[in-house]
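Trainee: Listed below are the residues making up each chain.
Number of protein chains: 2
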Amino acid sequence: MKVTEDAYGQQLQAQYQSQTATAEIIERDDNYIDTGSKAGLYFLEYEQWSSTEKQAVAFAKGRVLDIGCGAGRHSLYLQRKGFDVTAIDNSPGAVEVCQLRGLKNAIVRPIAKVDEFAPNSFDTILMLGNNFGLFGDSNNAKLLLEKLSRVTSPEALIIAGTRNPYQTDSTDHLEYHELNRQRGRMPGQIRMRVRYRRAVGEWFDYLFVSPEEMEAIVAKTAWKIKDFIEGEEPDYIALIGKNPDMV
Amino acid sequence: MKVTEDAYGQQLQAQYQSQTATAEIIERDDNYIDTGSKAGLYFLEYEQWSSTEKQAVAFAKGRVLDIGCGAGRHSLYLQRKGFDVTAIDNSPGAVEVCQLRGLKNAIVRPIAKVDEFAPNSFDTILMLGNNFGLFGDSNNAKLLLEKLSRVTSPEALIIAGTRNPYQTDSTDHLEYHELNRQRGRMPGQIRMRVRYRRAVGEWFDYLFVSPEEMEAIVAKTAWKIKDFIEGEEPDYIALIGKNPDMV
Chain A
3 MKVTEDAYGQ QLQAQYQSQT ATAEIIERDD NYIDTGSKAG LYFLEYEQWS
53 STEKQAVAFA KGRVLDIGCG AGRHSLYLQR KGFDVTAIDN SPGAVEVCQL
103 RGLKNAIVRP IAKVDEFAPN SFDTILMLGN NFGLFGDSNN AKLLLEKLSR
153 VTSPEALIIA GTRNPYQTDS TDHLEYHELN RQRGRMPGQI RMRVRYRRAV
203 GEWFDYLFVS PEEMEAIVAK TAWKIKDFIE GEEPDYIALI GKNPDMV
Chain B
3 MKVTEDAYGQ QLQAQYQSQT ATAEIIERDD NYIDTGSKAG LYFLEYEQWS
53 STEKQAVAFA KGRVLDIGCG AGRHSLYLQR KGFDVTAIDN SPGAVEVCQL
103 RGLKNAIVRP IAKVDEFAPN SFDTILMLGN NFGLFGDSNN AKLLLEKLSR
153 VTSPEALIIA GTRNPYQTDS TDHLEYHELN RQRGRMPGQI RMRVRYRRAV
203 GEWFDYLFVS PEEMEAIVAK TAWKIKDFIE GEEPDYIALI GKNPDMV
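Chains as they are written, first to last, in this note's numbering: chain A, 3 to 249; chain B, 3 to 249.
Some clues are possibly wrong.
Which copy? The list can't say, so a pair holds if one copy fits it or any two copies do.
Taking lysine to any residue and the SDA-like style, the derived pairs with C-alpha atoms no more than 25 Å apart in a straight line are [stated by the list, open to error]:
no., residue 1, residue 2
1, LYS40, ILE28
2, LYS115, GLY64
3, LYS144, GLN50
4, LYS106, THR22
5, LYS40, ASP117
6, LYS228, GLU180
7, LYS222, GLU98
8, LYS115, GLN169
9, LYS40, ALA16
10, LYS40, GLN50
11, LYS56, ASP32
12, LYS40, TRP51
13, LYS63, THR24
14, LYS63, ARG185
15, LYS106, ILE227
16, LYS115, LYS149
17, LYS115, GLU177
Bear in mind the hints are in silico, worked out from the structure with no lab data behind them.
Work the whole structure out from these sequences, hints included.
Mentor: Next comes the structure, spelled out in structure tokens:
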């Protein structure tokens, strides 16, 4: 099996080059396999976004960091609106697509290295498209929230989407939650990889949490959940500001 | 890995029950993985078919046997037009979907057992949706063409779709052709299986041939290619009648 780190980027590049909307294929470590998002999702224009995403992006202010930018749909929209946008993704293929689409400031950088930005560089952290998941697990989330605190202004806002993993009646998913509990992981901690043709991405953890679980993760960090924007179940988006008690 | 024989049927049942159009996931034995057909293909109504399929189905006459009927889109159309239609598929899930959709005569039976029908039972053999591929390989095709000859009338017609495998510039596909040549298989002989969520179908061979390769396979059988209906590359449909020289 030809393993590459960037099956994800390859599928975005193929969609960009062929101008066709396809669905990415995601494999979970219980051998569950499915298309991960609806065909063409990464290239949707603002008019085609969910109303939840439209509501959420309206909270963007100042200097914006888009984490896990994909094909750049959110960043390109904000750039056109005149925002100062920086977009990062750990996929070189994704970043190249962003650049080809006209995004001025797109960088290959994993979320773990977000502290390479200077202190007080951003006023908004954008983690749409379920990208709260990029925190990976509860401990890593706390570590990364600390790093995000350092690179943001005192009035900064994190806009982060996720999915409530418990809003499902799928036996496949419920059994996966149980498997995770047995091995000491959060139920919604998905170990997955992207497959694209013969390319096989690296395994990584992507975290889905209930609002209560998110509250527990964010508690005692420099951040505080300000509001939830309810989407179509199981999706929702959190608005997370700095916690004045912890500064 | 939970191996089942009917990942294919499960995905058809899920689409039928949820009324959503999804794409099936196909894995090839070189670990190439992709969606096998456009989302919802198996449930398309006549108006949404390709013009090639519309042309082809117009040649149906008399008693029709639909081999590899899937969700029954071709059979249901012909049944509504008043034809005497029998549909077979080796997938119990697919046949159940056909029955739920109102197909009167749908039977779980693999193409290999087509000789269980009585002699002279059919006037048309329908193998649309690339189902010439169900012949699997060249030798098996000749064997099955012999069986099909026995269960059909002297004026019978086979309407069979396939894809010219050489009309591609995909490195993945060209390298797979070469792999096949090295192991003594026809270049377009695809060893594949269907994956649906945690279900993994059995490996099977599905054969894509050029028009010249199809001519070579059909030669010296009881059949003779009468015409090709050219589709959008690489697809085409063959009209195959009885060979008067061989009866």
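Trainee: If a hint holds in the structure, say so; if it doesn't, say that too.
Mentor: Each hint, compared with the structure:
no., hint, verdict
1, LYS40 - ILE28, "both (12 Å within a copy, 17 Å between copies)"
2, LYS115 - GLY64, "within (22 Å within a copy, 69 Å between copies)"
3, LYS144 - GLN50, "neither (33 Å within a copy, 51 Å between copies)"
4, LYS106 - THR22, "within (24 Å within a copy, 38 Å between copies)"
5, LYS40 - ASP117, "neither (32 Å within a copy, 42 Å between copies)"
6, LYS228 - GLU180, "neither (31 Å within a copy, 59 Å between copies)"
7, LYS222 - GLU98, "neither (37 Å within a copy, 55 Å between copies)"
8, LYS115 - GLN169, "neither (32 Å within a copy, 45 Å between copies)"
9, LYS40 - ALA16, "both (16 Å within a copy, 16 Å between copies)"
10, LYS40 - GLN50, "both (12 Å within a copy, 21 Å between copies)"
11, LYS56 - ASP32, "neither (34 Å within a copy, 42 Å between copies)"
12, LYS40 - TRP51, "both (12 Å within a copy, 22 Å between copies)"
13, LYS63 - THR24, "neither (32 Å within a copy, 38 Å between copies)"
14, LYS63 - ARG185, "neither (41 Å within a copy, 60 Å between copies)"
15, LYS106 - ILE227, "neither (31 Å within a copy, 58 Å between copies)"
16, LYS115 - LYS149, "within (9 Å within a copy, 65 Å between copies)"
17, LYS115 - GLU177, "neither (34 Å within a copy, 38 Å between copies)"
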